[in-house]
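Visitor: Here are the chains, one letter per residue:
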Amino acid sequence: MGKLVLHTVPAVLVILLVIAPFIIALIRLSEASEVGIFEAISNLDNRYQTNGAVGFTLKLSAISTLSTVSIGLPLAWWMGRYHWPAHSIIRAILTTPFVVPSMVATIGFISLLGPQSWLAENFNLKLWHTMTAIVIAHTWYNVALVVRLVEPAIARLDPSLEESARLLPGGNKAWKRALRLWWPVVRLNLAAAATLTFVFSFTSFALVRHLGGPGMYNMERAMAERPFTGIIGVGAVDSEIVLAFGVIQLVILTAALWLLTEFQQRGKTWLPLATEKSTRLQLPKTKHQKLLMGSALAAATAPLYFTIKGSFSVAGNFSFEAWQTAFSSSHDFALIQPLINTLRFAILTVIIAVPLAWLAANSVSTLENEKGWSARYARVLDVMVMAPFALSAVMVGYGILIGLSHLSNSLLLVWWLPLIAHLIIALPFAMRVILPAMRSLDPSYLEAARTLGASQLKVIFKVHIPLLRGPLIVAAILAFAVSLGEFGATWLLWNTPDWTTLPVLIDRAYSRPYDPIARSIAHVAASLLLITTLTLFITAEKFRMTGQEGEF
Amino acid sequence: MLEVKNATVSFSGKLILDAVNLSVGDSEIVALLGPSGCGKTTLLRYIAGLEKGSGGEVLIAGKDVSNLPPEKRSVGMVFQNLALFPHLDVAGNLAFGMVIPEAEKIAEMLGIVNLAGFQERKIETLSGGEGQRVALARSLLAEPTILLLDEPLASLDEDLKLALAEDVRKILKDRGITAIHVTHDRQVAKKISDRIIEMSEVTQAED
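Chain order of the listed sequences is A and B.
The numbering used here puts the first sequence at residues 1 to 552.
The numbering used here puts the second sequence at residues 1 to 207.
Treat the hints as calculated values from the structure; they're not laboratory data.
Careful, some of the hints might be misleading.
Unchecked claim - With a straight-line Cα cutoff of 25 Å, these simulated PhoX-like cross-link-like pairs (lysine-lysine) come out:
(1) A/Lys542 / A/Lys462
(2) B/Lys122 / A/Lys542
(3) A/Lys126 / A/Lys309
(4) B/Lys105 / B/Lys173
(5) B/Lys52 / A/Lys3
(6) B/Lys105 / B/Lys72
(7) B/Lys5 / B/Lys52
(8) B/Lys122 / B/Lys105
(9) B/Lys170 / B/Lys105
(10) B/Lys52 / A/Lys371
(11) B/Lys190 / A/Lys458
(12) B/Lys72 / A/Lys3
(13) B/Lys5 / B/Lys72
(14) A/Lys3 / A/Lys458
(15) A/Lys462 / A/Lys3
(16) B/Lys191 / B/Lys170
(17) B/Lys63 / B/Lys5
(18) B/Lys170 / B/Lys190
(19) B/Lys72 / A/Lys462
(20) A/Lys458 / B/Lys122
(21) A/Lys462 / B/Lys105
(22) B/Lys191 / B/Lys173
(23) B/Lys173 / B/Lys63
(24) B/Lys173 / A/Lys462
(25) A/Lys458 / B/Lys72
(26) A/Lys3 / A/Lys371
(27) A/Lys59 / A/Lys126
(28) A/Lys173 / A/Lys287
(29) B/Lys14 / B/Lys52
(30) B/Lys52 / B/Lys63
(31) B/Lys52 / B/Lys72
(32) B/Lys52 / A/Lys458
(33) A/Lys371 / B/Lys190
(34) B/Lys190 / B/Lys173
Unchecked claim - A short, non-exhaustive set of chain B residues, derived as facing chain A with CB atoms under 8 Å:
(35) Val75
(36) Gly76
(37) Phe79
(38) Asn81
(39) Phe85
(40) Ala95
Yeah, the Cβ is synthetic: ideal placement off N, Cα and C, and Gly gets one too.
For reference, chain A alone in the conformation it holds in the complex (with noise of 0.2 Å):
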């Protein structure tokens, strides 16, 4: 009774928190848009808001993920082939960007690429409001993923392997060894980064948003800048347009990441971790790699910098106004409130969201070994806790947003809304850390315990918590950093200042382009997340165990 209970918690709460949302939002905005889907999908090209959003959607997300694979390959090679001196600061330099909360990215980039930038006005360069600054941002955020998925791939490599090669013909030419030994070696580790390099791209918003500027419009913001969807009577097109979207998203984002369930299956050594035995080489006493190295390294904290750069500056002189402002109670803009929501939005998100992220593992490792209904269950189970993955934060906010209010209208106004749709978002990165590391967990501890008389209880509190307590700190750091980041559901679902969040603030300070000091505010919120984030970053790193299978 006891098993079942505890192997039917995490169902019941995931089906509560994000599929009967989903399902219900689905149904809403069917009613509310009077046509069916696939009407609904063939109307999208003959709306003025969303004519040849889809297409742009995927022509972005390829070219992202080319541009992405293209820098991000060279620099894993480098990385994982040559010891370089400082070694683990250059690829902590190189892996950073990827944990950088998307409003943080766009603010620094704003400042990077943007009219006033230091490289508009020194070297005429005009990139606002163009696809190309959005795809050097999600290649500049998404190089970091290919760095830390395919490196260690490279490193990891038994140099003996390369030495018998280099010994045969069919290996006795760089170019076989690449094609024969390294192509098959790094293969499934790229085509897993180029994969979730396209979803993240896929579902970019913020960076759209702003980079974008007014006429560009992917999927992922048509969708979120429809303010009366799932209302019945005026909401038709609004909720025609993100039905349609929301549906080819879920398509295309399901074969994505059933794609990457493939190449994770085929390879275990795909998403390794940080830390692993190194075989790497001296580095040869070439320039140009060096030159190169260092160029990649500028790219990489460049728009870090401009970002803590512009808190320092108001209306283009130096100034530590926008700090004294931005903590004093009296202006539009001060940090302390939305600063307070942020880190309870946080730490509610830790301490729900790792437990039930820790049942579900608990069930999915233990049953999944079993035979029939028990086996099935731990499948269904697992692709259920990952079903966030395949909708973008701005479908969870409309899940939540309508699903819940078809329940009661109410509901829209409690303050732990967005603390949903965190939880929603902040799972299923928890489970990845948790599962691997349960999964891999020597099965003999546990038996060993209980042929020591030890109960369940005893089990789980003396043996495997404190074996799982690597893999679950690195959960709740990233559950944590997951929910101080999120910016799409939250920004959906904002209704009251009581709900401002550091990135929600950073998005209205930013869209207040005739005050310079709220755009300076701004830069201290996305300095604060930035310098959080990374303190986070840098002790998760520190938990890491080596041989632990963690995927993010």
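Assemble chain B onto chain A, guided by the hints.
Guide: Then chain B, alone, in the frame of chain A:
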């Protein structure tokens, strides 16, 4: 003391144990001998309740424990990889098996297994032989009715293996513990046991 009747276990359609029968007397030490993959470990896991068979029963001291979970069978097990908890020190590992942990009992048991003063040692600092002794001590402190030893000496070098087998036998005999020791090493089997049973005598399963 222990009776196994018609134990049947299969994995993925492959029969590992086919109606195995085994009987072990009170305070008797039995060595179960057989090549790798013949089902020795599976039989121990079946007795401990870690493996659910498709048929058969296990009786300990005349009581049918077939439907009891491992923690309620009063069966101790020393695993091949020892399964010493890496997050606990030696004393923590020993205390894990005790209902009420007592420092004196832990010290006494460490003395018995020739590891006096090892209470605060980290698991990763133990040598192979020391690890075996800690694993044995941990299982003994749980005061099991039957002790199952799953090739715990397999990874040791020949001299140490035989010396330790002698020590283990002495400890078990001094305490009157009923035990089954699984091994593929005939020398060790002879050294440790009162009786050797070939796995092929008790099972008809094919490898």
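Visitor: Look at each hint and say if it fits the structure.
Guide: Results for each hint:
1. A/Lys542 / A/Lys462: Answer holds: A/Lys542 to A/Lys462 is near 23 Å, not above 25 Å.
2. B/Lys122 / A/Lys542: holds (21 Å)
3. A/Lys126 / A/Lys309: This hinted pair holds, its Cα atoms lying about 21 Å apart.
4. B/Lys105 / B/Lys173: holds (19 Å)
5. B/Lys52 / A/Lys3: Holds, because 16 Å separates the two Cα atoms, which is no more than 25 Å.
6. B/Lys105 / B/Lys72: holds (22 Å)
7. B/Lys5 / B/Lys52: Roughly 14 Å separates the two Cα atoms, so the pair holds.
8. B/Lys122 / B/Lys105: holds (19 Å)
9. B/Lys170 / B/Lys105: holds (19 Å)
10. B/Lys52 / A/Lys371: Roughly 12 Å between the alpha carbons, so the hint for B/Lys52 and A/Lys371 holds.
11. B/Lys190 / A/Lys458: With a Cα-Cα distance of about 38 Å, the restraint between B/Lys190 and A/Lys458 is violated, given a limit of 25 Å.
12. B/Lys72 / A/Lys3: holds (17 Å)
13. B/Lys5 / B/Lys72: holds (19 Å)
14. A/Lys3 / A/Lys458: Holds, at about 15 Å.
15. A/Lys462 / A/Lys3: holds (18 Å)
16. B/Lys191 / B/Lys170: Status holds; Cα separation ~10 Å.
17. B/Lys63 / B/Lys5: Satisfied, since the Cα-Cα distance of roughly 13 Å is no more than 25 Å.
18. B/Lys170 / B/Lys190: With Cα atoms ~14 Å apart, B/Lys170 and B/Lys190 stay inside 25 Å; holds.
19. B/Lys72 / A/Lys462: holds (18 Å)
20. A/Lys458 / B/Lys122: Within the cut-off at roughly 21 Å; holds.
21. A/Lys462 / B/Lys105: holds (21 Å)
22. B/Lys191 / B/Lys173: Since the Cα atoms of B/Lys191 and B/Lys173 sit roughly 13 Å apart, the hinted pair holds (cutoff 25 Å).
23. B/Lys173 / B/Lys63: holds (23 Å)
24. B/Lys173 / A/Lys462: Violated, because 32 Å separates the two Cα atoms, which is more than 25 Å.
25. A/Lys458 / B/Lys72: Within the cut-off at roughly 14 Å; holds.
26. A/Lys3 / A/Lys371: holds (16 Å)
27. A/Lys59 / A/Lys126: holds (21 Å)
28. A/Lys173 / A/Lys287: holds (24 Å)
29. B/Lys14 / B/Lys52: Since the Cα atoms of B/Lys14 and B/Lys52 sit roughly 14 Å apart, the hinted pair holds (cutoff 25 Å).
30. B/Lys52 / B/Lys63: holds (18 Å)
31. B/Lys52 / B/Lys72: holds (15 Å)
32. B/Lys52 / A/Lys458: holds (22 Å)
33. A/Lys371 / B/Lys190: violated (40 Å)
34. B/Lys190 / B/Lys173: holds (15 Å)
35. Val75: Holds: closest Cβ of chain A sits about 6 Å from B/Val75, inside 8 Å.
36. Gly76: holds (6 Å)
37. Phe79: Since the shortest Cβ distance to chain A is 5 Å, the answer is holds.
38. Asn81: Cβ of B/Asn81 sits 6 Å from chain A, so the hint holds.
39. Phe85: Hint holds; B/Phe85 Cβ to chain A Cβ min 6 Å, cut 8 Å.
40. Ala95: Violated. Min distance 10 Å.
The structure is inconsistent with the numbered hints 11, 24, 33, 40, although it conforms to all the rest.
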